[in-house]
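Engineer: For what it's worth, full-length UniProt numbering labels the leading residue of the sequence shown as 1, then goes sequentially.
Honestly, I wouldn't trust all of these hints.
Stated by the list, open to error - With a Cα cut of at most 30 Å, we get these calculated DSS-like pairs of lysine-lysine:
1) LYS83 / LYS69
2) LYS44 / LYS258
3) LYS194 / LYS258
4) LYS28 / LYS258
5) LYS46 / LYS258
6) LYS188 / LYS359
7) LYS46 / LYS163
8) LYS188 / LYS209
What the hints contain is simulated information worked out from the structure, not anything from laboratory work.
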Amino acid sequence: MKTIQSTIEEKQELEKIDKFSGLLIPQKYKSLLDLPITELAILKIKDFFQTNLSFELNLTRVSAPLIVKSGTGINDQLNGIEKPVSFKIKAMNEMKVEIVQSLAKWKRMRLADYQFKPGHGIYTDMNAIRPDEELDSIHSLYVDQWDWERVISVGDRNLKFLKSIVETIYSTIVRTEKYVSFLYSQIKPILPDKIHFVHTEELEDLYPKLTPKEREYQITKKYGAVFVIGIGSDLKNGSPHDGRSPDYDDWSSINNEKGYKGLNGDILVYYPILDIALELSSMGVRVDPNSLKAQLETRGCQERKDLLFHKKLLNGKLPLSIGGGIGQSRLCMFFLRKAHIGEIQTSIWPMEMRKKCKKSNILLL
């Protein structure tokens with residue numbers, strides 16, 4: 001026989017789920033800031049965060065492209081299967097171009113152009129369209145993030161250095177949350193002072209019966225903020241923790257005495273508004289010629305070796321680097337305690353989703 005409490009919990013769970021499987025509706029939600037104040041807060045957060053990030057990582061701001069030429073290997077396929085928006089330019093003999101999905105490889109080529117030395121890098125405002133993206137509380141067709149890349153030395157291609165960069169980025173996130181709380185007293189800091197590190201292999205051992213996303217949820221709720229290391233290589237079960245394209249992050253190199261693989265990962269924080277593990281950043285030490293060859297072979301993409309970016313890398317024309325992307329709308333959503341990313345950015349949403357959100361006091365832009 002069902003108890004009143006179990007009936008309430010079932011109802012709450014059902015209210016989270018509809019035809020948009022990732023649409024989460026918090027109970028009795030009300031935004032802490034009205035729309036005009038929200039817009040001002042977004043500006044303040046972006047200015048504060050990028051100023052601190054560029055100072056801490058020694059990054060110079062550069063302009064970024066919205067489109068790149070097709071067939072060069074410069075655009076990113078993310079998990080390796082997402083197709084970019086493409087079109088032909090009439091004024092250039094019908095040359096085919098693509099709207100960027102991220103700038104991981106473009107940034108590395110730009111570092112070579114600027115001839116930066118180890119310890120110096122770039123960052124930019126990356127705006128992209130991802131037509132294959134699922135639409136839910138934290139995913140949109142429109143992607144805006146700070147894309148950054150920094151030159152490193154051979155001696156920096158290790159787990160210790162990766163962790164030091166992660167800690168620097170996370171400390172900037174914590175500092176920004178405190179700044180937001182100072183500006184708006186109704187928003188209280190919730191992030192822990194330190195970030196916890198865990199390998200995907202360790203997560204598999206800790207939670208063997210859970211899916212990768214369920215593992216992320218459990219570990220992130222426990223520690224508040226986590227960096228999951230080694231995303232892309234296969235685990236014991238024969239599948240990777242999550243997909244990664246084979247030609248930017250190094251997810252195949254052995255990184256410790258236990259034989260764990262990967263010099264990349266994701267920054268996750270626990271977000272109580274939606275009761276989820278929220279990914280704020282994906283980053284990593286980039287492939288060198290050896291790891292690029294290995295990963296292309298593992299994923300059966302050896303034909304990419306003939307593309308412009310890949311040939312430059314394999315021929316030693318690109319610097320070693322570390323880099324990543326930090327979601328602008330995601331970060332603002334977290335700091336301002338919003339229930340939907342559409343409260344931060346303007347995008348296209350299904351009408352049914354708009355209606356359901358409006359009914360629950362979630363006003364999509």
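Engineer: All hints are to be evaluated individually against the structure, with a verdict given for each.
Structural biologist: Verification of the hints:
Under the criterion of a C-alpha separation no larger than 30 Å, the hint pairing LYS83 with LYS69 is consistent with the structure, at around 14 Å. This hinted pair does not check out: LYS44 and LYS258 have alpha carbons roughly 44 Å apart, beyond 30 Å. Taking the CA atoms of LYS194 and LYS258, the gap is about 24 Å. The hint holds against a cut of 30 Å. For the hint linking LYS28 to LYS258, the alpha-carbon distance of about 47 Å lies beyond 30 Å, and the restraint is violated.
Between the alpha carbons of LYS46 and LYS258 the distance comes to roughly 39 Å, so the proposed pair goes past 30 Å and is violated. Between LYS188 and LYS359 the CA atoms are separated by roughly 26 Å; this keeps the pair inside 30 Å, and the hint holds. Among the hinted pairs, LYS46 with LYS163 is consistent with the structure: their alpha-carbon atoms are about 24 Å apart, no more than 30 Å. The hinted pair formed by LYS188 and LYS209 fails the criterion: a straight-line CA distance of about 35 Å is larger than 30 Å.
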